[in-house]
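Q: Sequence:
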Amino acid sequence: MTEAALYLIPVGLSDTGLDTVLPQHNINIVGEIKHFIVENVRSARRFLKKCDRSIDIDTLTFYELNRHTKSEDFPAMLAPLMGGEPMGVISEAGCPAIADPGADVVAIAQSRGLKVKPLVGPSSILMGLMGSGFNGQSFAFLGYLPIDATQRSRKLKEMEHRIMRENQTQIFIETPYRNNALVAEICKTMPPHIKLCIATDITGSGEKIVTRGVKQWLKQLPDLNKVPTIFLLYK
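No gaps in the numbering here: position 84 of the sequence shown is 90 in the working numbering, and each next residue is one more.
These are computed hints drawn from the structure, not numbers from a lab. Computed from a prediction, not measured in an experiment: that's the story for all the values here. Some clues are possibly wrong.
[Unchecked claim] Here are the simulated DSS-like cross-link-like pairs (lysine-lysine), alpha carbons at most 27 angstroms apart as the crow flies:
hint: 1; residue 1: 232; residue 2: 221
hint: 2; residue 1: 232; residue 2: 161
hint: 3; residue 1: 232; residue 2: 194
hint: 4; residue 1: 123; residue 2: 161
hint: 5; residue 1: 214; residue 2: 194
hint: 6; residue 1: 225; residue 2: 56
hint: 7; residue 1: 214; residue 2: 225
hint: 8; residue 1: 56; residue 2: 214
hint: 9; residue 1: 194; residue 2: 225
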């Protein structure tokens, strides 16, 4: 019997079979939960069916948590857990609460003394760092860089300073259709001693994790248009 807790349930990052990225333990727990907080109901239902086709989706309750959800609605989502039933949190890709709105409901659960149990699964941020050859002792994930050109340039300069001053790996992402423009800007503005790791389609059939100096990348820029990508900078 699954204990009453808020289970943070990772999902796949690509179309690769779940058996290659998730332990059976996760699948067993998923099959016993009836209440889920999800980023998108349709994709969550699809994920649950991939976990176990025998799951009766229509008997489950879904609470949608995304950038449109009002903060005052968060506490009510935890009502089943408050009543002693296990709940699950499912994001669109990877691990819940990492670069994900699920962190807000986890914070409420923690503030109320409710048990939170993160499950094992793929994180593109950590897997990109693992494969980069960069400093894994000190690193920062910065999310999306500013869209405004001046602010983005300033942020890149800040990252350069942190790399040199703190020996800290800088990790960030971009909206996939802006990937190419971002890589070109990085390679033109960063000094020669800076290295850029580009990690694409992690766990997928097209997975590539390649680290090169920015000037090397500039000789042949990759086509990353609409490709899920993690970017890492170090020296």
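Q: Hint by hint, work out which the structure violates, then give me just those numbers in ascending order.
A: The structure breaks hints 4 and 6; every other hint is satisfied.
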